[in-house]
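Chemist: Take a look at the letters that make up each chain.
There are 2 protein chains.
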Amino acid sequence: MTDKHVYLFDDDLGAAYAEPQAQKDLLGGKGAGLMVMRRLGIPVPPGFTITTEVCNHFRTHDQSFPDGLEDQVREALKSVEAEVERGFGDAKNPLLVSVRSGARKSMPGMMDTILNLGLTDETVEGLAEGSGDRRFAFDAYRRLLQMYGDVVLGVDHSSFEQVLGDLKRELGSGRMLDSEIPTDGLEELVKRYKKLIASEGSTPFPQDVWGQLWGAVGAVFESWDNQRAIRYRRMQGFSDDWGTACNVQAMVFGNMGETSGSGVCFTRNPSTGEKMLYGEYLPNAQGEDVVAGIRTPLNITAKGAPIGREDETLERKMPEVFQTIVELCAKLEAHYGDMQDVELTVERGKAWVLQTRTGKRAAHAAVRIAKELVDEGVLTREQALMNVDASMLDQLLHARLPTPEELEKNGVLPVASGLPASPGAATGKIVFDADHAEEAAKNGEEVILVRRETSPEDIHGMKAAQGIVTATGGMTSHAAVVARGLGKCCVAGCSDLQVDYDKQQVIARRDGGDAVTFNAGDVITLDGTHGKVYGGALDVVAAAKVPELETLMEWADEVRTLRVRANADTPRSARLARSYGAEGIGLCRTEHMFFADERLEAVRCVVLASSAEKRQQWLARVEPMQQQDFAKIFKAMDGLPVTVRLLDWPLHEFLPREEKEYQAVADALLEDVSAVKARSRQMHEVNPMLGHRAVRVGLTMPAIYEMQVRALIQAALDVSAAGVAVHPEIMIPVVGIGGELARMRKLVDDTAKALFEKAGRSVEYHVGTMIELPRACLVAGELAESAEFFSFGTNDLTQTTFGISRDDAGRFLPTYIDELQILKADPFARLDESGVGELVAIACERGRAQRPDIKLGLCGEHGGDPPSIDFCHRTGLAYVSCSPPRLPIARLAAAQAALRNA
Amino acid sequence: MTDKHVYLFDDDLGAAYAEPQAQKDLLGGKGAGLMVMRRLGIPVPPGFTITTEVCNHFRTHDQSFPDGLEDQVREALKSVEAEVERGFGDAKNPLLVSVRSGARKSMPGMMDTILNLGLTDETVEGLAEGSGDRRFAFDAYRRLLQMYGDVVLGVDHSSFEQVLGDLKRELGSGRMLDSEIPTDGLEELVKRYKKLIASEGSTPFPQDVWGQLWGAVGAVFESWDNQRAIRYRRMQGFSDDWGTACNVQAMVFGNMGETSGSGVCFTRNPSTGEKMLYGEYLPNAQGEDVVAGIRTPLNITAKGAPIGREDETLERKMPEVFQTIVELCAKLEAHYGDMQDVELTVERGKAWVLQTRTGKRAAHAAVRIAKELVDEGVLTREQALMNVDASMLDQLLHARLPTPEELEKNGVLPVASGLPASPGAATGKIVFDADHAEEAAKNGEEVILVRRETSPEDIHGMKAAQGIVTATGGMTSHAAVVARGLGKCCVAGCSDLQVDYDKQQVIARRDGGDAVTFNAGDVITLDGTHGKVYGGALDVVAAAKVPELETLMEWADEVRTLRVRANADTPRSARLARSYGAEGIGLCRTEHMFFADERLEAVRCVVLASSAEKRQQWLARVEPMQQQDFAKIFKAMDGLPVTVRLLDWPLHEFLPREEKEYQAVADALLEDVSAVKARSRQMHEVNPMLGHRAVRVGLTMPAIYEMQVRALIQAALDVSAAGVAVHPEIMIPVVGIGGELARMRKLVDDTAKALFEKAGRSVEYHVGTMIELPRACLVAGELAESAEFFSFGTNDLTQTTFGISRDDAGRFLPTYIDELQILKADPFARLDESGVGELVAIACERGRAQRPDIKLGLCGEHGGDPPSIDFCHRTGLAYVSCSPPRLPIARLAAAQAALRNA
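Heads up: the sequence lines are chains R and V, in that order.
My numbering numbers the first residue of the first sequence as 346 and each following residue consecutively.
My numbering numbers the first residue of the second sequence as 346 and each following residue consecutively.
Hints are supplied without guarantee of correctness; some may be wrong.
Dumping the calculated DMTMM-like pairs for lysine to aspartate or glutamate here, alpha-carbon to alpha-carbon at most 25 Å [as the list claims (entries may be wrong)]:
| hint | chain 1 | residue 1 | chain 2 | residue 2 |
| --- | --- | --- | --- | --- |
| 1 | V | K848 | R | E1016 |
| 2 | R | K1022 | R | E998 |
| 3 | V | K848 | R | D1017 |
| 4 | R | K959 | R | E1004 |
| 5 | V | K1091 | R | D585 |
| 6 | R | K848 | V | D1017 |
| 7 | R | K1022 | V | E1030 |
| 8 | V | K1169 | V | D495 |
| 9 | R | K959 | R | D845 |
| 10 | R | K1022 | V | E798 |
| 11 | V | K774 | V | E791 |
| 12 | R | K848 | R | E783 |
| 13 | R | K662 | R | E727 |
| 14 | R | K648 | R | E665 |
| 15 | V | K1091 | R | D1163 |
| 16 | V | K539 | V | D495 |
| 17 | R | K1022 | V | D845 |
| 18 | R | K1005 | V | D778 |
| 19 | V | K1005 | V | D983 |
| 20 | R | K1169 | V | E1127 |
| 21 | R | K959 | V | E1164 |
| 22 | V | K1022 | R | E1030 |
FYI, nobody ran anything at the bench for these hints, they're computed from the structure.
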């Protein structure tokens, strides 16, 4: 360690600490920040910082301070005294200080703080006299006694509470507010607190201010090693070796009369982004009073104040102070390059800044502020891009509710939880079947379709409903897949619900909660983004239009190197994707096409056919429809690549459920219904996620994939003849073995060749695979022999890498994340870099080694998550693909990844 | 290439080709083998080999032969002529030769062969005269014409068949056997064949013997590149660059009268291993006649011949020839160090060896032969160990049927196929419930229990039955787990079966096959080793006693470095395991203990309890029983380590199925049956394999694992107090995240510490994890912070790495292996080295880097598969663990791995 242990806020740190990080390492985030503000000329109460090195010395040298510290502290304090013209321990004009911790990174509330230090029986009288406010002085003193007694001298917090409670009862009522205690009551309280400390504390309360100070500094350093702080560091991955700095700063008081006050001020409107000061203040009050919310604060600016109360604003009442605040806010914003949330105290007409930090804001405000800061010349475009939290953009594109946490604060709890199957929010009356939903919608009613599960028969009802909730099924259930396709919000697999179609009733029973019964026609609200169901109608915030977003997106597009594509299965969503800036379709699932009402029976016949001939015959009926689907999507994506994933669905999903459906299939196949049922029973799977699906069906029943490839290639030939630029990419799903892909590649090439010969023309197409199994990653080199592209299906890859079914994870994954903190994030929402990510990286490396120009992309839901997108950028993928409404997130996150890793 | 293109079988290859592999590379396996036999003084017809280098020259030089080849061939042929005293093309005494391919490794039937080469219109008369058998001469000629016409001159095979058919019809009957055609008929056939070749062939049949020879050599070289051969090489991983050699060898004939004959002879009895010649011969016949099976062959030795027919044996009829054969068999066996299967031809009293190879044998014969070859001083112990196919030892320990392939050859087809859930074979009458099974068994009847699925209520019936078959469920279903525990054979998940309890009927309907109905009391036979069900009673071969096995095992134990442990869940199987040489228990599953009849209701109450308190209360009832289980196993394994895996079972497996069971649980829990059912419904899982199981239950309902650990540690304390040496290893299953294991380790240590304090004593125990998820392999370093050992659970690891559920793979995995050849072996039976194996290797490396002394083992079913055991040895694992009857396999395979990789 160096010999310099103490830095005044005004000190020059010198070349050794030129880097902001080096400053924070030495002085902590708070100390470094105070220095910056002082250097900018912001009125910050003077003070100094004892370095983190001293903390580490203290911790490793039996709680002793290094040589020279005392002298340096005395020296520094002299400089503070000089600036504020008060003396530490001065009986007439005492200087009070705060002693605060401050580590390299913020650890809010984890370590200790002492305020009002410097008060003694003697100096309190000086403060009373000097301030002309005896009550204020004793109030400050009793607060110091309590904090110091607790933190430094080890008196139990509750002992102080008890003494205070007793006193209040003596004064008349135990329910009395602290602010209602008269001055002599506070004086009595001070006496009793001192007595309490003398009897229960490790020492009596020190009447020597230097003794106070060293005790407080030691306590701050010790608090680095309290259990709470250690646990927090474990969770955050902070090192125990950092240590905390200790900041000693002159106190200022907003409660010294009518020319004093405390407030909080945003430098721009955090809801709209408008450039104006936006904040509240309380005259003659301390900061903690503003937070406590006992009195209603007043506006800082006249603009936006309640009509008729403009004169009570700080702007009108103290125009000079207001002007000062306007200027220092501008200075802070210019320096930090972002909208600030500033804590202010005005002491007798002088404004002090206690703290500034980046202000939280609504999504559309964030976009507007970023854009305008560039217009104002404060930020470069690149800086502006980095200032916007990409994941917030989601809010701009879906209707939404406040988050479950926000609602819970207001006492609104969900009646049931399920999977966030399709984002958005919706309110409506409960209906239990598709026909009712359609009927109600025709009558202009808004309804929520509540089902145990949905099936293809329900699609018209899903279209008519505002949202869908199901009691069973997962993220890939029929309800979830179709709802995402339709852009409807959906909560799936809501096992808290028991649906009774006969009684037209649904009973919600959360674990440990009471059962709530809803009948048809009752109103509920869905949060598809978080997978929650609420009783009654909650306010749903509509999707916003933000003109500045377009500009921000243009800037992002200039910067990013990662391409963005959309997951889109229909012409409608393909068009939507283009409008959001998609540069192609990264995942066109074909399951949805198979489910369409009019073709479902034919598909069932395909699945249940007793011979390859019959299967072929029914496939022939599906083929022209499938061809139409592809033709429409190719037209919508004219000029852009379209990756079509061949069928990936457990066959049993297509099976009939009801007697009449079985009969219809048996009639169509000219077979006995019992034989059809027997075959259907044989298709039951124990673990369908790991079952007979995708390429495994493609290989055992090749007619299905052949039909799909024929439909796709013929569609491409037809639309290209009509002048559409078509770039089909055929993707084989769930491949884990080289031979699977080699055989499929041949099937595709042979099929295409035959059609090209027949047509006398050809179109360019590419064949690749979805990488979604651990083994596929390991044998990627072998797969690359047949594959021109890999698209990482990280949803399934996460399932198999962790051995966790997303559909079934609900009973333990939330506990892992929230309660046990075994995982930092849901691996299905944020790509797990140390497991899944390593497999992705291995696959990229081996794929490229075999085929250097292989195209690599990601089409799992991680494609819309900013940290996951950053991973994709670092791993050198060519593109990410996500659902259309997440494209703005992906574009911005890709730009940020490029800037961050430049 | 070198200038020497041709090697006589008697040539010395010189130092450059001292290595057997170098000899095979140059001359092919067949050529090198013929040289060896000649050098041993075995009477092999003389000849020479044209090298593989010539083949490659031919292929890359526009089908031309290198300079000097012709002279070298003429030179070599002269030497052959001299030895057999015949002339190539000599009109009086013609030399006939065979021209055969022979690559580095055997490619049976893939390339072309020409026999009887050297016959022309002229020399056939010389052969007729010399042999005194005109029919023989023309029969040989017509065979040459057909082979040569087809292979060399491109005449379609079917054209010859047609000419032959026409002739037979003219002679009286199209159904006439070839051997019934009279001499003049064959002469006519020769004429017609020559005419056919002249009109359809690329040239007429060459009457110049040298022209014949060069045509045949070229055809053999060309056949290296035929489609069939290329495909075979792809499959086997053979290189196209090897080329084939070409062997030219003098023909010998077994059909030259009563002093001639052909035979096949094993040097020891392949069924019993007894040291005696064992074989058959046909007098006056060619080798192909023996194979064709038209005449019944005679015994070679008098011993073992049918009673009364001893005088027809070769031993009695041609004692000198027999003596020669005895001697040359001994010579071959001594040279090759193993029992041989020798092809012989006797031509006019002289015995010739055409080929020798290692003889196939039954498992107990293999063991006896190996041991006796050591006793006889032929082999070292190490060589003997390498001579036994370890995987065959399985046959010695289970009752068994012939393989499905063998049965199919005899027209016996299974009526249904399922999963090979528990090995062995059994025959019995069908019963459909456990009570009937028990009753019938009491009456001395042998029964097979046929169920849709089994549940804990069925255990007494499973004990009583000879075998169990279920229509649903997989390798880890209740039926499979319990059957393996009981050592009963079991076919599970036999979806070909429809079980109708009401009608007391089961209908078997194989894909594409007719439905067969069985009623209660009908007899069926199960093959649990292959997962097949047969109608009626088949002969079941009982497990054999082989005294030599013990000796072989002792030798294996001296050699191997890999330890062997057993998967055993009960004291009975623990004792069985010790008797088979287990050096510990590698996997003691605790699920089985939970299923026991008398505790099942308590377990259901644990699972369905509505509060942690109630759960605790019911666990307390299970605890003493569990403690007893552990105590018994520890006693049985006195002195050896026991790895106990904590509960790994999807919770829903324990749920009640029937109304009365629900009612019983509700009564026990003092709750409403509807609430119990509702909780039960919520436990349904879409993919239970990837669901709420194992450590995930351990973390969300910690009371269960706490109970298990308490029971285990208390049992260890108790038995150690009674003088038993106890070495418990506690294994946490299905871990994928560092935090999961860290928390569990703490739970185990805390629980143990409390018991040790209470007891005032302690026992040593170890904590580790089962590695069975891809992510666990990747984060093995992190896991090794908490784990003292890893045990690879390669069953589950294979499932997640491939994304294939073993229970559901039946509809595509057999197609992958048998039909499409996408996989060479079932990855659940043989460890997939390129996928699963790489993950295992990664985990070992990272685990050791974190904790150098970490103990590594494998406890999946691969632990009983020899190639997988070889992988474990190479990867440096400490032990493998397998089911007790597979222990001899594991011990031998471990020894072989040590020898192979020394």
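Chemist: Going back to the hint list, which numbers does this structure go against?
Modeler: 8, 9, 13, 18, 19
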